[in-house]
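From just these sequences and the hints, can you work out the full model?
0 is the number of the first residue of the sequence shown in numbering that gives the first Met the number 0; add one for each residue after it.
Because the hints were derived from the structure by calculation, they are not lab data. Among the hints, a few may not be true.
[Stated by the list, open to error] Below are the DSSO-like pairs computed for lysine-lysine, each with C-alpha atoms no more than 27 Å apart in a straight line:
hint	residue 1	residue 2
1	Lys-263	Lys-43
2	Lys-345	Lys-374
3	Lys-263	Lys-236
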Amino acid sequence: MDPFRIEIPRAELDDLRRRLAATRWPSRPIAEDWSRGVPLRYLKELADYWRTGYDWRAAEARINEFSQYRTEIDGATVHLLHVRSPEPHALPLILTHGWPSSVVEFLDVIGPLSDPAAYGGDPADAFDLVIPSIPGYGFSGPDLAPGWDIRRVGRAWAELMNRLGYRLYGAQGGDFGSLISLELGRVDPDHVVGVHTSMLVALPSGDPEEVAGLSPADQVKLDRHVLFETELSGYFKLQATRPQTVSYGLTDSPVGQLAWIIEKFWEWTDSAESPEDAVSRDTLLTNAMIYWLTGTGGSSAQLYYEYRRQLTGGPPDPPITVPVGVAVFPHDMVLPIRRLADRDIKTITHWSEFERGGHFSALEQPELYVEDLRKFFRGLRD
Numbered sequence: 000m001d002p003f004r005i006e007i008p009r010a011e012l013d014d015l016r017r018r019l020a021a022t023r024w025p026s027r028p029i030a031e032d033w034s035r036g037v038p039l040r041y042l043k044e045l046a047d048y049w050r051t052g053y054d055w056r057a058a059e060a061r062i063n064e065f066s067q068y069r070t071e072i073d074g075a076t077v078h079l080l081h082v083r084s085p086e087p088h089a090l091p092l093i094l095t096h097g098w099p100s101s102v103v104e105f106l107d108v109i110g111p112l113s114d115p116a117a118y119g120g121d122p123a124d125a126f127d128l129v130i131p132s133i134p135g136y137g138f139s140g141p142d143l144a145p146g147w148d149i150r151r152v153g154r155a156w157a158e159l160m161n162r163l164g165y166r167l168y169g170a171q172g173g174d175f176g177s178l179i180s181l182e183l184g185r186v187d188p189d190h191v192v193g194v195h196t197s198m199l200v201a202l203p204s205g206d207p208e209e210v211a212g213l214s215p216a217d218q219v220k221l222d223r224h225v226l227f228e229t230e231l232s233g234y235f236k237l238q239a240t241r242p243q244t245v246s247y248g249l250t251d252s253p254v255g256q257l258a259w260i261i262e263k264f265w266e267w268t269d270s271a272e273s274p275e276d277a278v279s280r281d282t283l284l285t286n287a288m289i290y291w292l293t294g295t296g297g298s299s300a301q302l303y304y305e306y307r308r309q310l311t312g313g314p315p316d317p318p319i320t321v322p323v324g325v326a327v328f329p330h331d332m333v334l335p336i337r338r339l340a341d342r343d344i345k346t347i348t349h350w351s352e353f354e355r356g357g358h359f360s361a362l363e364q365p366e367l368y369v370e371d372l373r374k375f376f377r378g379l380r381d
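See below:
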């Protein structure tokens with residue numbers, strides 16, 4: 000483990016400001032709402048704030064408050080935050096982000112999870128936290144060999160926790176972090192006490208009997224799957240088939256990358272007028288900055304390509320045998336139907352459905368997120 004600290008040269012920040020000032024904007028759009036993508040007026044105003052008002056150094060200092068390391072696993076660089084709890088019997092927990100997210104997603108929950116007593120909670124609920132950046136994402140860097148699919152990341156996480164000396168630990172994630180955490184439970188069941196997911200994908204098989212007699216609430220979830228497939232999944236298909244092509248625009252244009260990311264924070268969050276209804280403006284920009292400063296807009300897209308190959312060409316996933324907890328937030332990109340989830344995972348022991356929140360639950364609803372993790376892992380600590 001090599002100690003790591005974020006120290007972005009001033010020249011890179013100056014270059015970003017020059018690029019933002021020189022943005023070549025499209026002509027006046029047909030629609031000013033979100034129906035055809037990110038509205039021009041909104042993005043111009045956000046980019047101007049990025050250039051003139053946003054303070055990267057404050058964000059950098061906040062992340063640097065936590066111990067960080069980089070290590071090499073299976074030929075890839077892995078960056079991580081490692082936060083030890085002051086409680087001697089804290090349960091180790093590895094938190095994994097997805098796309099287009101980063102370790103920034105978890106900054107607001109680090110304190111309550113690692114030191115619950117300081118936030119009015121029970122010290123018995125404390126966690127030691129390991130928060131890695133997926134290979135190809137953020138400060139894990141853009142240099143990535145082929146073959147880094149979900150299974151390989153899961154194996155890397157098992158090795159990471161072994162190197163840190165953790166004999167028993169939990170796993171949590173949403174988006175790709177959900178898939179990686181479930182894979183970790185598959186490959187390291189002797190050490191993973193349980194997996195908590197804040198986004199579970201449970202797709203209909205095509206058998207009409209599976210979706211016969213759905214409740215109105217479950218029908219809404221099924222309709223959400225249909226909407227994702229027909230309208231919201233364009234980014235997925237592009238990154239899963241031509242990640243190299245999209246990488247040029249993401250790497251060269253900060254506004255292009257910002258639009259690519261910010262659209263998902265609009266579509267997948269509990270927001271009304273803009274993503275800032277759910278996530279603060281500065282947090283949105285800090286997350287985008289990590290992709291920009293590390294040049295990982297293109298390399299992060301490669302995971303979609305590898306995941307598609309895994310789905311279409313690899314062996315089926317073996318059953319997961321460790322306990323699984325599921326938190327369902329109503330404005331997520333897809334919503335699991337319980338009967339389909341139980342079909343795929345036989346070990347679901349905890350299921351929560353909330354009335355607010357979306358895909359980035361640790362950012363949008365940190366209190367609900369923290370309490371659900373505590374509830375799930377309470378019965379597994381022994």
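Of the hints stated earlier, which fail here? none
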